[in-house]
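In the order they appear, the protein sequences are chains A and B. Start counting the first sequence at 2; every next residue gets the next number (our numbering). Start counting the second sequence at 7; every next residue gets the next number (our numbering).
Please keep in mind that the hints were generated in silico from the structure rather than gathered at the bench. Misleading hints may appear alongside valid ones.
What the hints assert, rightly or not - In silico contact screen, one side only, chain A against chain B (beta carbon under 10 Å); selected entries:
no., residue
1, A52
2, P112
3, T298
4, E301
As the list claims (entries may be wrong) - Not close to chain B: a few residues of chain A, all C-beta gaps over 12 Å, as computed:
no., residue
5, V9
6, G28
7, E138
8, L173
9, R180
10, R189
11, V245
12, P246
13, F324
14, S368
15, G462
Glycine included, C-beta positions come from ideal geometry on N, C-alpha and C.
Residues per chain, in single letters:
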Amino acid sequence: MSDLWERVQPLLARVERPSRYIDREWGAVHRPDAAYRVALMYPDTYEVGMANQALQVLADRLAGLDDVACERVFVPWTDMSAAMRAAGVPLYTLESCLPVAGCQMLGITIPHELTYTNILEALDLAGIPLRAEERSEGDPLVIGGGPSAHNPEPLAPFFDAILIGDGEEAVLEMVAAHRAARERSATRAETLRDLAGIEGVYVPSLYVAGPDGALVASAGTPERITRRVLRDLDAVSSPVCPVVPYADVVHDRATIEVLRGCSRGCRFCQAGMVYRPVRERQADAIVRDAIATLFCTGYEEISLTSLSTADHSQLEEVLRRLFRRFEDADVAISVPSLRVDSFTLSLARLLGGGKRSGLTFAPEAGSQRLRDAINKNVTEDELLETVAAAFGAGWRRLKLYFMVGLPTETDEDVVAIGGLVSRVLAVAREATPPAERGGLRVAVSASTFVPKAHTPFQWEGQLPAGEVRRRQSLLRDAMPRRGVELSWHDAETSFLEAVLARGDRSLADAIEAAWRAGAVFDAWSERFELSRWTAAFESTGIDAGARAHDPFAEDETLPWSHIDSGLARSFLLAERHRAYEGIITEDCTFGDCTGCGVCPALSADVVVAGGGRRG
Amino acid sequence: MAEGFRLRVCHRKSGRLRFLSHLEVVRACERAARRAALPYAVSRGFTPRMRMSFGPALPVGTAGEREYYDLTLTRYLPAAEVCASLTAVTAEDLAPLQCGYVTAREPSLAAALTIAMYELSLEGGIPPEELQGSLHGLMGDGTISVEHKGKQKVYDLAEALPKEPEVTSAGDRTLVRLAVKMGEHGSLRPEVLIRSALGRDIRAVVTRTDLLIDDEGVWRRPL
Numbered sequence: 002m003s004d005l006w007e008r009v010q011p012l013l014a015r016v017e018r019p020s021r022y023i024d025r026e027w028g029a030v031h032r033p034d035a036a037y038r039v040a041l042m043y044p045d046t047y048e049v050g051m052a053n054q055a056l057q058v059l060a061d062r063l064a065g066l067d068d069v070a071c072e073r074v075f076v077p078w079t080d081m082s083a084a085m086r087a088a089g090v091p092l093y094t095l096e097s098c099l100p101v102a103g104c105q106m107l108g109i110t111i112p113h114e115l116t117y118t119n120i121l122e123a124l125d126l127a128g129i130p131l132r133a134e135e136r137s138e139g140d141p142l143v144i145g146g147g148p149s150a151h152n153p154e155p156l157a158p159f160f161d162a163i164l165i166g167d168g169e170e171a172v173l174e175m176v177a178a179h180r181a182a183r184e185r186s187a188t189r190a191e192t193l194r195d196l197a198g199i200e201g202v203y204v205p206s207l208y209v210a211g212p213d214g215a216l217v218a219s220a221g222t223p224e225r226i227t228r229r230v231l232r233d234l235d236a237v238s239s240p241v242c243p244v245v246p247y248a249d250v251v252h253d254r255a256t257i258e259v260l261r262g263c264s265r266g267c268r269f270c271q272a273g274m275v276y277r278p279v280r281e282r283q284a285d286a287i288v289r290d291a292i293a294t295l296f297c298t299g300y301e302e303i304s305l306t307s308l309s310t311a312d313h314s315q316l317e318e319v320l321r322r323l324f325r326r327f328e329d330a331d332v333a334i335s336v337p338s339l340r341v342d343s344f345t346l347s348l349a350r351l352l353g354g355g356k357r358s359g360l361t362f363a364p365e366a367g368s369q370r371l372r373d374a375i376n377k378n379v380t381e382d383e384l385l386e387t388v389a390a391a392f393g394a395g396w397r398r399l400k401l402y403f404m405v406g407l408p409t410e411t412d413e414d415v416v417a418i419g420g421l422v423s424r425v426l427a428v429a430r431e432a433t434p435p436a437e438r439g440g441l442r443v444a445v446s447a448s449t450f451v452p453k454a455h456t457p458f459q460w461e462g463q464l465p466a467g468e469v470r471r472r473q474s475l476l477r478d479a480m481p482r483r484g485v486e487l488s489w490h491d492a493e494t495s496f497l498e499a500v501l502a503r504g505d506r507s508l509a510d511a512i513e514a515a516w517r518a519g520a521v522f523d524a525w526s527e528r529f530e531l532s533r534w535t536a537a538f539e540s541t542g543i544d545a546g547a548r549a550h551d552p553f554a555e556d557e558t559l560p561w562s563h564i565d566s567g568l569a570r571s572f573l574l575a576e577r578h579r580a581y582e583g584i585i586t587e588d589c590t591f592g593d594c595t596g597c598g599v600c601p602a603l604s605a606d607v608v609v610a611g612g613g614r615r616g
Numbered sequence: 007m008a009e010g011f012r013l014r015v016c017h018r019k020s021g022r023l024r025f026l027s028h029l030e031v032v033r034a035c036e037r038a039a040r041r042a043a044l045p046y047a048v049s050r051g052f053t054p055r056m057r058m059s060f061g062p063a064l065p066v067g068t069a070g071e072r073e074y075y076d077l078t079l080t081r082y083l084p085a086a087e088v089c090a091s092l093t094a095v096t097a098e099d100l101a102p103l104q105c106g107y108v109t110a111r112e113p114s115l116a117a118a119l120t121i122a123m124y125e126l127s128l129e130g131g132i133p134p135e136e137l138q139g140s141l142h143g144l145m146g147d148g149t150i151s152v153e154h155k156g157k158q159k160v161y162d163l164a165e166a167l168p169k170e171p172e173v174t175s176a177g178d179r180t181l182v183r184l185a186v187k188m189g190e191h192g193s194l195r196p197e198v199l200i201r202s203a204l205g206r207d208i209r210a211v212v213t214r215t216d217l218l219i220d221d222e223g224v225w226r227r228p229l
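So that you can see chain B by itself, here it is in the shape it has in the complex (with noise of 0.2 Å):
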């Protein structure tokens, strides 16, 4: 690991940003490193790059409440200080929440965050029983078989789904919580969960709510 001191940014992803890409939300963040000037570490090479690495990226629609990113800096500035200057420079709906330093040995983001918190809001009044024994019925299946591009990707349910997904319904939304497990080869996505258990297509506003490292067993933030 090269030198430099290795600063841990949380960051929201939400309102109409969460229409953003993957690739968006970084190069927005580095252009905020810029504005901010911040002294940012550059990787060596024909084409220097500034030195930032993100956890497991978010699809297009899709909201976070906590998603993270890695940036070097070459000289100590304090966390909250890089913080402030990130905030004002930094679009409301992708605002800095925390920042704080991690140790160069410390895994990389996308290597330690293995567990996902979701939050969906369905619409359509769906009854939160129905959609629960849904759940369980599917869980109870063992498996579940997702086309993605093409081609047939199989999830093995109790070990993608680590806790059993909660239903609520607050008015006439109907809320699911969930864990999932994310993997070497993607993740189960909330939406595709919760299409294959009541059969039919959904609107949803989907959120992931929280990023965990599963410390053998034990579930805690990467901050």
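Isolated chain A, as found in the complex (with noise of 0.2 Å):
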């Protein structure tokens, strides 16, 4: 097979950014003999994608395996793609230049609700049928997985399988799985039902709608696909040697994962849920790790990243042993996700003696009573506490996130946030010298409440858009103006994210009507267009407000039922109710069980790098 480098070329001279399309980056593997290609793939762009670690996660553990090249496509950019069409080009992989649609496998990574377009703008792109009931025999198989799989239903058509859950040991039994398939020259069919065999994988095509509307599982498919968790995060190796970047692309930087999970038990956030339990690595694994990163690399930055970073139990010394090591070297260490009652004076002190990077915070609400309801176990003066020890030791710069729409909120709560936006500032003032004020800015992002699924909050309707944005004008009325930089979500996009996010099977044609439409790229603002996704709706017969915000019964059916994330019904439902009573629910790393069954579900258990629970 020859590779499309010929036909490529000619395009770049006329395209924005063209190191996206090349390849030959630093740690890129060429296989170009492997017998079995897959290709992993980002709906978005080379400099979003390139900053996913699951996807170098995946790399790695495919690269373990005999004869198996794994290989990286992105979306081309809408110049890129009309000139590939022009020309007949169809979609290639970055590391041989061959065509996707030449490769067994392609895995995509689904980010979030609004790269849903992008996917089925590169299966096009690719020459794969968009949907899996389409393919034939030769076409890749289509597997799916990532966080907005947790609800897999609107995109079900267009893949053949999707993994709920960890990726690691899945992906090394599914590629098994089908070369074993493709070894006695199994069907399409027969091949989906033996990875239908394999731990958290789900075949939609395997589960039909039954008279009430709600999916039904075929005979020989169990009723629920099962969550895969890696129960000990240390028994993997992770990633050293990642392909590094010559464009500028968003985290442009070496990164170790210190700890996977969070229990902190936040109502709203999908995240905290579906990744249960805390799974934390060792303080040596991870040191070796940033050292071997950083050498292979040649990064400038390393980041620990976590959902919730300064968690980890042995963080302090991780930190202290890794400023030692790189003590007068240009290299940063940066921390993203802190929380404000984890970041302690001494941590300050300790990140304040490197390269200072930006620090970011989410109080989430603006006033206790919210805060309680949605379990965000902070208070103000936490909040302020953690900011003068911030200031105090040199910060300049503070990221403030908040939430608008949440379930319970009053106009009190939003009028709130700028209250406390604004002793918060009072409060880095006085921590600062007077000759370095001036320099103090406090940048407040305020998104929408998008319910989601496998959240206490996963059967709340959202605010319709123009209640959203007299709430986000008040907020704006209630913000301090002067070291202020406020931002919010477009409560457009949000509308979108929670019809797609609390939607069922019957959006696939919406999302297939307005990516026909030309919607791609929905996250970007300059390309996202409300009306095409409006008309698509429309002529779907969906009813999109409704979808939105419509709460769903206590007893329906939710689409996301047959999907177990291991977090038990009940305890989603008690954890609704304790946010209406302002109830708050301890972090099980800390304190108590919560009973959110998680770790009996998926015979997995808390990991705390110490040993022992923390407290």
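The two chains are supplied separately, each in an independent frame; assemble them into the complex guided by the hints.
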């Protein structure tokens, strides 16, 4: 098979940022003679996709297999896709520059709702039929996975199989099952049956709607698909030689995952529910891999990532060891995802010692009442103390995340955000030497609440866009002007997210119609047009307003009822009711078991690096 | 000039990597120096940076056969050894070709390199005589006016082109070799010159084949 490079090259003179399309980065692995090729795709541009850690982890796992090539695919920007279509060049994988359609497996991350049309765009550019039922024996198996796979239904018809949960082990099992099926010349249908036998793998074509609309499993397939969980993160090596991009990508730095899961239990947060239980990596492993990654990549910054890095029981030890190792070097160590209550004074001093990175906290709500309702167990005093510590240690910039439209929110709660920000500013000024106060900035970002599957708020509806806008303007009026940069998410995109996040299989037709009308890169505000979607919903008979705003009844079968995330329905319901009563629930890694059900359902347990529970 | 050992590296920018931007090349070279674990010097200040400085930037899409950067090391290592360590951790299309120390007094690459040699490989079977004639005519006019980012820029061709360009043919392609004088206010892009001479758009692979120092009329390489 000859590669497409000679046909790709002439297109590159006329497109923006051609380095997106050329491969040949340091760390790229080329296996031109492999018998089995897996294409791993992130459904957005190169710059966004290269920041995705999951793809690096999966590529590293697949690199361990004999005779398997794992190659990257991203969605070409609109200038390049137009040039490719005009020249008849199909979507190709970066490493071999061969058509994606010629791969045996196409794995696609499903990061969030606004990438759904990008998936269809990529399949179309690749020349792969959009719907699983239209694919023939020669087409690659199209496999999905990732955060938004927890409600797979709106995309179900476009995928042959979807993995629910951690991919480290399952991806190898899927490749092995497919290779074995090819070995015995199994049909596509037989292969999919084999895949359905792998824990965590959902084959949508084996589940069809019964008389009451609920999905029914065909004979021999499990009624519910149980989420895959990697029980011990240290049992699997983490990638220390990932591809180093030339282009300035979104998070242009090395990353080390220090822990997975977060059981703080914020009631709106899907990640905090579906990645349970908390599994920490050992300090030795983190330090070893961080050093190895910096040497292998040559990056100037390493980020210790997770949903809540400061929660790691050995974080201070890890940071001390890394700072000692890179003393006097031009290497920065950054810790994103900090929580107010775990950002201690000693941590502030430690981090302040290195090249200073930005600081971000997410109080989410302005009043204590609402923070209690959403189980954001952070008090205003804690926030103010933390801000004082950080600015005292040298920080001058702070980003605060809030949410508008949370269940039980009142106008007073919205206005309270402004008061809280004023007090944060005052404390920050106080802790900053007078000569430096001019450079002091607090960026406030307000997103709109989107109810998500497998959370205590999964039954809630979203506020209508008009009401969201009214509350956003309340927020703007309540916000101090000086020293504050306020931004918020556009209510229209949040509305679309809600429709898709809460949707069932009937949404697939609308997604396809929107893509056919030109919707692609919906997460890019300059590309997003709600009118394409409104027309798509109308033409496919979807009442989008009702889909976004109407709450589900507690006894209703939810579109994701067949996906078993391990969380007990009774726990989610109890948490919903506690929200209305303003009762908080503690984090089980610090206190008692909260009965969420995940550990027994998935035969997993909380892993704390220091041993024993924290607290 | 601060202490340290100033190492000059000559490298290529070729193949697919000719599509990199100057900034992308800079970052790639910095990361290669880190991977090679060279004892590079770091600037003092709030955000310490590797002390590395480059010659004139190459545009996206243009290849380079002999591009340069200077890197300050905190301790002496044999130049050949540095070259070998860099080669081991650099993509082939950005590979270092030659390394050598220069004195601290030497002017910066950006100031010293004033002559760029180019080779253009043109598609479309343009007869060499025709192009040679048009270029001759254009040079006879004395100046060329180029629009760049909405502004008109006028180049004095006697100044910008210290030699008459050479045109030859190679199979179905037409090759143009030329020398361009680089000034403080940028330099004439060779494809712009050819486009003006022919009065139409062209498709060309452009390679900067050499970068030279003009030492009172004598051209020499910086290494």
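Going down the list of hints, with the structure as the test:
Interface restraint check: A/A52 against chain B, minimum CB-CB distance 16 Å, threshold 10 Å, status violated. Below 10 Å, beta-carbon pairs count as interface contacts, and A/P112 has none with chain B, the closest being about 25 Å; its hint is therefore violated. Given the 10 Å rule on beta carbons, the hint for A/T298 holds: about 7 Å separates it from the nearest Cβ of chain B. Taking 10 Å as the C-beta contact cut-off toward chain B, the hint placing A/E301 at the interface holds, the least distance being around 7 Å.
Annotated as non-interface, A/V9 brings its C-beta within 12 Å of a C-beta of chain B; the closest such distance is 9 Å. Not every CB of chain B lies more than 12 Å from the CB of A/G28, the least distance being 10 Å, so the non-interface label is violated. Remark: the non-interface label on A/E138 is consistent with the geometry, its nearest Cβ contact in chain B lying 34 Å away (cut-off 12 Å). Against chain B, the non-interface label of A/L173 holds: every CB pair exceeds 12 Å, the least being about 29 Å.
Even its closest Cβ contact with chain B, about 31 Å, leaves A/R180 beyond 12 Å, as expected for a residue assigned away from the interface. Remark: the non-interface label on A/R189 is consistent with the geometry, its nearest Cβ contact in chain B lying 36 Å away (cut-off 12 Å). The claim that A/V245 lies off the interface is violated: its Cβ sits roughly 6 Å from the closest Cβ of chain B, which falls inside the 12 Å cut-off. Listed as a non-interface residue, A/P246 fails to keep its Cβ farther than 12 Å from every Cβ of chain B; the least gap is roughly 9 Å.
Even its closest Cβ contact with chain B, about 14 Å, leaves A/F324 beyond 12 Å, as expected for a residue assigned away from the interface. Every C-beta of chain B lies more than 12 Å from that of A/S368, the closest at about 38 Å, which supports listing it as non-interface. Once the 12 Å rule is applied to beta carbons, A/G462 is consistent with being away from chain B; the minimum gap is 46 Å.
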